[in-house]
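These protein sequence lines are chains A and B, in that order. Those letters in the first sequence? Residues 0 to 222, per numbering that gives the first Met the number 0, in order. Those letters in the second sequence? Residues 0 to 274, per numbering that gives the first Met the number 0, in order.
Honestly, the hints are just simulated from the structure, not real lab data. Please note: incorrect hints may appear among the correct ones.
Stated by the list, open to error - Short, incomplete list of chain A residues facing chain B, as computed with Cβ under 8 Å:
no., residue
1, 76
2, 82
3, 83
4, 84
5, 91
6, 94
7, 173
8, 182
9, 186
10, 191
11, 195
Glycine included, C-beta positions come from ideal geometry on N, C-alpha and C.
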Amino acid sequence: MDFELMINSFPKLLNATMVTLKLLSASLFFGLFIGLLFAVLRMNKNPIINKFSYGYSYVFRGTPLLVQIFIIYYGLGQIEYFRSTVLWVIFKEPYWCAIIAFALNTGAYTSEILRSAFQTIKPGFIEAGKSLGISSRIIFYKIQIPIAIKQSLPAYGNEIILMLKGTSLASTVTLMDLTGVAKYIISTTFRPIEVFIVAGSIYLFMTFLVHNFIKFLERRYKY
Amino acid sequence: MNIFKKTIISVLASLFIITNVYADKIRIGTEGAYPPWNSKNEAGKLIGFEVELAWSLCRYMGKQCEIVEQDWDGMIPALIMRKFDAIMAGMSITAERQKVISFSQGYADEVAQLAVMKGSSLEGMDTPSGINLSLGGSDVKKALKTLTAALAGKTVCVQTATIHQNFLDSGDVGSVNVRTYKTQDEVNLDLASGRCDAALAAAVAFTDYAEKSGKSVVLVGPTFSGGAFGNGVGVGIRQDDTELLKAFNKAIEKARKNGDISRIATKWFGFDASM
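Please put together the full structure from these sequences, using the hints given.
Here you go:
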């Protein structure tokens, strides 16, 4: 065990953790909107909208995240026509490719979490709102969404943790996140065990924080 | 002794017997993703210059061999952890690597060069056709200066943990934007897609890609040798494995004398890259 290497690599890995956190927060931010949108579309009575939303979540939950990020990064880059469009400005950057892949992936899972949360809302709550003459839009924003968020907290906390670990795949598209920098240090020191122990501990610590934050929210918003 | 203990002991014993049998076999690690040095055919079989050379060297050593596939970025750790006994994977002999493993004498020369897509502004750089960083001198300095100016603000792509990455990180050509990839295939893909302004690797890796993909990849600037680029490609061996090192050195000498190395090199590279 080379403890000196572990101590020396710690600050570099901590710096790289910022990249990981940026990727995570951006993906979760966009993913939450995507998830909410598709959860609502999923409950739509129109079969085309309904099936489209189901198809999205089916495809993104049914394929590995690594395959998705490779298709978005290397796959789209191979299409010459695509490279001539405005979209290439975004897709040229590995950073945006990673965020798009992560957001679409977590969006699919979030839509399922929210959908099941919406469906577990007791009809009595909505009927109570209707009987008071509240419009269905207000019922959706003021009753359904808050209850759904509370219901989905434990499952969503899980999704955040999965996504946190998923961001390590960003290193496969050249980004220097926590895993990317760990691999870089290994490539010059040839000591994988020490470096991965430090990197793994940082991931573990972040998971610990997320886990406790979600627990705190769960306690706070108990009803 | 009950039957449970007996089973455990016999299983353990058989494990020892198996490892002893395998100890006689030399396991050689290669990447299988760096054509024409080493790669895989459609059937998934390992092929290439080093695969064929490995069989030839094993015949000279009179030993049984097994070729093991290993990702490039874990090649040296895997050797140290005894997943195999020798590396033949286009690995250049550098001072940095020699701190952790030994190398046999070199068997082939890897010529590194920059590649760009046709029409790039980097085409037509005014540099000598080749520079040796170990020699230094005004020619080398001038060429590095030209490269520094040409590559300023450009994204240069390399495979991770390679001499090419070490060279770009060394600051000899200023602070270029270096992007690292797990395999050379991925470097080639991103060079073709335009995400990389240039890429640095063995010149043959680019010509091989241009030939197979039909993409208009062109080599630019000088060929590099010496310094961070090391002194040829050799067999990587654990430092405490002195017997095996001797055996490989002897085999390489014999293969060189009999013209096997040049024959195999010419077959795979199209020119004699042996040394």
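Checked hints:
no.: 1; hint: 76; verdict: 4 Å, holds
no.: 2; hint: 82; verdict: 6 Å, holds
no.: 3; hint: 83; verdict: 11 Å, violated
no.: 4; hint: 84; verdict: 13 Å, violated
no.: 5; hint: 91; verdict: 6 Å, holds
no.: 6; hint: 94; verdict: 12 Å, violated
no.: 7; hint: 173; verdict: 5 Å, holds
no.: 8; hint: 182; verdict: 6 Å, holds
no.: 9; hint: 186; verdict: 3 Å, holds
no.: 10; hint: 191; verdict: 5 Å, holds
no.: 11; hint: 195; verdict: 10 Å, violated
The structure shown violates the earlier hints numbered 3, 4, 6, 11.
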